[in-house]
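Start from the sequences and build out the full structure, keeping to the hints where you can.
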Amino acid sequence: MTPAPLVALVGNPNAGKSALFNALTGARQKVGNYPGVTVERHSGRLALDDGRPVELVDLPGTYSLDPASADERVTCDVVTGRGGYERLPDAIVIVVDAANLDNHLRFALQLLALGLPVVVALNMIDLAERDGLTLDAAVLERELGVPVIPTVAVRRRGLDDLRAALTGIVGGSAVRHLPPSDGVVEDIVTLQRRARTIAHAAVVAETPGRRWGHMLDSVALHPVFGPLLLLALLFVMFQAVFAWSEAPIGWIEDGFKLLEAGVAGLMPDGVLRSLITDGLIAGVGAVIVFLPQILILFLFILVLEATGYMVRAAFLMDRMMARVGLSGRAFIPLLSSFACAVPGIMATRTIDDEKDRLTTILIAPLMTCSARLPVYTIIIGAFIPDRTIGGWIGLQGLVLLGLYVMGILGAFVAALLLRRTVTKGASSGFMMEMPKYQLPLWRDVALGLWTRTVIFLKRAGTIIALTTVVLWALLSFPKPPAGSGISPVDYSVAGRIAGGLETVVRPIGFNRDIALALIPAMAAREVAVAAIGTVYAIDDPEAEGGQKAITENLRNRWSLPTALAFLMWFVFAPQCISTIAVTRRETNGWRWPAFMVGYLFAAAYIMAGITYWLAVAVGL
Amino acid sequence: MATMIDSLVTFPRHQRATVASIDWDRLAVPEARRLRELGFDEGVGVEVLHRARLGSGPIACRIGRMTVALRRTVAAAISVSVRS
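Listed in order, the protein sequences are those of chains H and V. Going by this note's numbering, the first residue of the first sequence is number 9, and it counts up by one from there. Going by this note's numbering, the first residue of the second sequence is number 12, and it counts up by one from there.
The hints are simulated quantities; they were obtained by calculation from the structure and are not laboratory data. Virtual Cβ for every residue (Gly too), placed ideally from N, Cα, C. Hints should not be assumed to be uniformly reliable.
Covered stretches of chain H, going by a simulated chain V footprint (3 or more residues, C-beta under 8 Å) [what the hints assert, rightly or not]:
no., region
1, 65 to 76
2, 197 to 205
3, 226 to 235
4, 315 to 329
5, 430 to 443
Cβ-to-Cβ under 10 Å is the rule here; a few derived chain H residues that face chain V [as the list claims (entries may be wrong)]:
no., residue
6, D105
7, A107
8, L109
9, D110
10, R114
11, F115
12, D134
13, A136
14, L141
15, T142
16, G221
17, H222
18, S335
19, G336
20, D360
21, D361
Now the structure itself:
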């Protein structure tokens, strides 16, 4: 069987390729309003008008066929048939931003020189009109010699015409050959001048459109108000994580209580019931209650990404980043690492300079990811009083913000040290296109939240459930002799292992419960909460489960310095298998992930120790 | 036409200008290529929109219909003249 024809979507960054890909294939690739959302090749299926299937690939945006960064290399390799991609595309769809033809046509001209069958999607034609720009697609068609279809991918406009045009060119013409010069036929400046001439010819009317984007920028990029706005946005985000999540957390807890009571009523008391109620329900339930908080955090980050504010934040942060040897560009992967370090580390592919990129990968785990939220929240909830300062600032939210700031400061110090030692080199500078502001499309935001919910529940159902059950088993056996008065946890296998580990972590104020939680939390940070939940459920089987019980136990068993040291440990400790795995993949070997794990554990141990002893010294 | 040649770093904001010359030799190779890719070229219209902070920090400028952020070290290599 011959494979389906291959069609590639190519174009400048932020031209709307992924939105078009989703619209054509019904896929759910992440879209966002900043250059560099897509860093990998994604493929999907599309049926042409005559019923033929086509494999459509979405590629990272690039400015030319002379790749500067890892994500751009992927695109160049695909369209030139190099780099292990077995076949050349049968056709390409060049996606250009209608409002920015001067620039996007230059790359289009370079792509046309490849000699492949081409359709041009004149995308975001609505935004060009909003900008006061009226274009004539027929002029472009004549100048470029290929079909030009006006589209608005996010509103599904122009898709039928695009599909019809594709049907016309796929497999229609004879196989073409690449020009011998490998594609780069003219220098950039010459192409750019030709692009400007063509773009000029295509403009029917140009009125000075509404400049509200510039008005927004005069606040967002203001030397004083800009940084204040960024700080305020982050502040509101962390307050909301607590304030908005209270009610839904209550519903989830009630649900789990009902479930636990239901199971307990159905099953006789015994090992199996203990496994299900103390192990699975107590453990997994302790983690799932954090779904609302994680979704609130993601909501904020998705909206920031969709509006185009991300690049403004990078602009504001550039000077600070330059001080530690990085650039504002590194700020975008770092900010998305607040959600999860795995996509954050993938997003570093947009950084041109290898040393810059490696440094960013190494510090990304210090950005407080959403998996830390359960750990932070439960400890903060137990030890930090729920009151307000000055009438409206929640103390708990403030402490949470402090932990995020701690991670950021840690990352800055780490970057500073790394750039002077292991990743020494000149900074690659900061030069970046700033996208137009757009209102977020709620469909995309909802899709992003749904995707995250599925990922989270899958984690809870697999890795977290599994480690919890294993931990439950290790905690439950062997049982202490009846009437001996020994704690069942201390007597168990896990208790004895933890006893050994405890001697290592005692100097930094950690107790047996923490030692027990740290090992399974290597798999994923949230497991620490599940583990603590399981420990207390087994230690005190009569007690009612749920977050309240965990909180009560924590208050009775942990001192405040211990709790603070535990929080500080989680700011630094690299406890996430997925992050280590993606670092290995992105750095092609074990050397850098090993280094990362080593330096982060050392930092965690030292910082937790300092916190503990300081807290003890001041009498907390 | 009265011309006033100035660097993009110090050129007044919100005033239409034309790129008079770019001192490519002052730029690192990847920087120079990026700058070309973003459309910087002699004779192109440009306007300084924002400066992050007085003294240092990047500059946002409009080039064509695009807004581009760049650092002052790069902007210093770009000479502009007032558009009549």
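We went through each hint and held it up to the structure:
no.	hint	result
1	65 to 76	holds (count 4)
2	197 to 205	holds (count 4)
3	226 to 235	holds (count 5)
4	315 to 329	holds (count 6)
5	430 to 443	holds (count 8)
6	D105	holds (9 Å)
7	A107	holds (6 Å)
8	L109	holds (8 Å)
9	D110	holds (4 Å)
10	R114	holds (8 Å)
11	F115	holds (8 Å)
12	D134	violated (15 Å)
13	A136	holds (9 Å)
14	L141	holds (8 Å)
15	T142	violated (13 Å)
16	G221	holds (8 Å)
17	H222	holds (7 Å)
18	S335	holds (8 Å)
19	G336	holds (7 Å)
20	D360	holds (6 Å)
21	D361	holds (8 Å)
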